[in-house]
Amino acid sequence: MFNLQLLAPEIVLSVLALALMAIDLILPTRRSQLPYHLGWISALVALACVVATLATSSQGAGPLWIVDPFSQLFKAMTLLAVIVTFLLCLEYEDLSLSQSGTFAALLLLSAVGLMLLVSATDLLFLFVSLELVAVSSFILAGFERRNRKSNEGAIKYFLFGAFSSAIFVYGLSLYYGAAGTTKLLILSQNGSSLSLWTPVLTGLGRQGPVLLLAMLFLLLGFGFKAAMVPMHFWVPDVYEGAPMPVTTFLSVAPKIAIMGVLLRVFTLLVPASGLGLTGLLALLAILTMTVGNTIAIFQDNVKRLLAYSSIAQAGYILIGIVTANSLGLEGVLLYSAVYIAMNVGAFTVLQAVGKNGSYELSAFDGLSRRSMALALTMAVFLLSLAGIPPLAGFIGKFYLFAAAMEAGRAAASSSSKNIFYALAVVGVINSVISVYYYMKIVYHMFFLPPHERSSAPAIGPYLLAVLAVCLAGVLAFGVWPEPLIAQMRISAVHLP
Amino acid sequence: MTLTHHLLLGAALFLIGVFGALTRRNIIGILMSIELMFNAANINLAAFNHFLHPEGVLGMTTALFIITVAAAEVVVGLALVLAIYRNCESVYAEDFNLLKG
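Those protein sequence lines, which keep their order, are chains A and B.
If you count the first sequence from 1, position 389 lands on 391 in the numbering used here, and the numbers rise without skipping.
If you count the second sequence from 1, position 74 lands on 75 in the numbering used here, and the numbers rise without skipping.
Hints are computed from structural coordinates only; laboratory data are not their basis.
None of the values given here were measured: they were computed from a predicted structure.
Be aware that one or more of the hints could be misleading.
Computed cross-link-like contacts, DSBU-like style, restricted to lysine-lysine with a CA-CA straight-line distance of at most 30 Å [to be verified]:
| # | chain 1 | residue 1 | chain 2 | residue 2 |
| --- | --- | --- | --- | --- |
| 1 | A | Lys419 | B | Lys101 |
| 2 | A | Lys151 | A | Lys357 |
| 3 | B | Lys101 | A | Lys151 |
Excised from the complex, chain A in its bound form (with noise of 0.2 Å):
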């Protein structure tokens, strides 16, 4: 009962990445743009490996790790993110070429980390994963070794990032007090059906307050891995200061990967609702929301302006782990599948505009007038992310509010009741707080007049395959979401 073919994914893209870092060394022309190419190719590779495993027997659980369809989503999702990242980073020139090759490296790295992670059932394990995202991602924040900004961004990156993985170790030392071991799903005796791990279940029992105290630092760990209020200085910071490639990276896939994770473990594997925390992480949602959406108002730079909204899109995420009903479930994988299309056509068309070294608002001003069609493409994307409708975030936020109100209207008591429905009233005025900011862009964009000798930004063949397909499926799924949705009741389903 090892299984460890199920992660054969994983191995695949390990040894590929490893591979990538062999021949660097030996590639006759350095400073040459053939890593990148690498490194979409193995991702493409290990996605491959993931879409073979989405619809067949070959899933189960291992002593460490479980593949389900749920799973496999957000691997095949992890991968998209990174693929699209390999083909920003051949438009970036900022990077330098000569660390081609251990970039790359390290991005499928971290790319290996975030499928393990959704994968894990060990809290060990969990935890190992975690800090092999985190350590590859250190690295890549701070790639441009020259660049104060860079430097300073991996740094406070670094800082909060071993901080929260004491936490998050913390409260693993305490799990393990109280349940004697470190898994949160074990494999019963005879062969291969799933039980939860009955010390975990039953609760709180008479170790009942450790194992609480335990899920909070747990809970506080994730919480700075996913940006959540009151945990989320560092963002802006970071994703202000990482490369442009990098951060488009950082503001989707781990932070996919890691409600993921919160969704396995605090609604499958030891529910919250069964230690008394739901209220609790719906307080979080909603902070996360509103204080996303409230200081993205007051920004200027537009790396700051999305650092922030990503923040609140994660709180909306939120909504959906703390319903805990299918529904929810369903709207968390469709938001993050919708969020991965709107999120990297923003960043996209940020990355083209700011070419000329400048991220600022104003870098904005009459983009209209210099390149109609991109001026377009980011507004779509920004009316998505504000989930206006017939565009494929409206789908997604209805979703998740829906979920709110579904759950409300099953509470049992008329205290839980009005958790529900206050997430979805404040989810809903939050998203009109949002397009108060996400029109400002759109402001700069058509009404102001382009400044003198601003040229129409370059977009290069990898750009603009990226900004097609995140607009077609924006465009798609919002106006027939079906498939899509389809899709999503599929993956949901998950072991046990």
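Place chain B on chain A using the hints.
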């Protein structure tokens, strides 16, 4: 020496670490405080293993994993500190103020 003593030692170390990480101005100092927090968890794990779950060595091995991973993390952290020291000639947190808004 009972389990309680060990847990109190762990909790004290953890709190000292949190306090240091939040109040130190020197980045190396913050790093050391974070190491204290990791070691608090290690003491907990070893103590729980010895007193509550003596049938296996899971707690000890987990502590070993944590020591290794924390070392890897610190290596990256010190490299970043070196990189920023080359650019700004400072290791004090308040000197890193390019990013704000």
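Consistency of the hints with the structure:
no. : hint                : in the structure
1   : A:Lys419 - B:Lys101 : 40 Å, violated
2   : A:Lys151 - A:Lys357 : 16 Å, holds
3   : B:Lys101 - A:Lys151 : 11 Å, holds
Comparing the model with each numbered hint stated earlier shows that hint 1 is the single one that does not hold.
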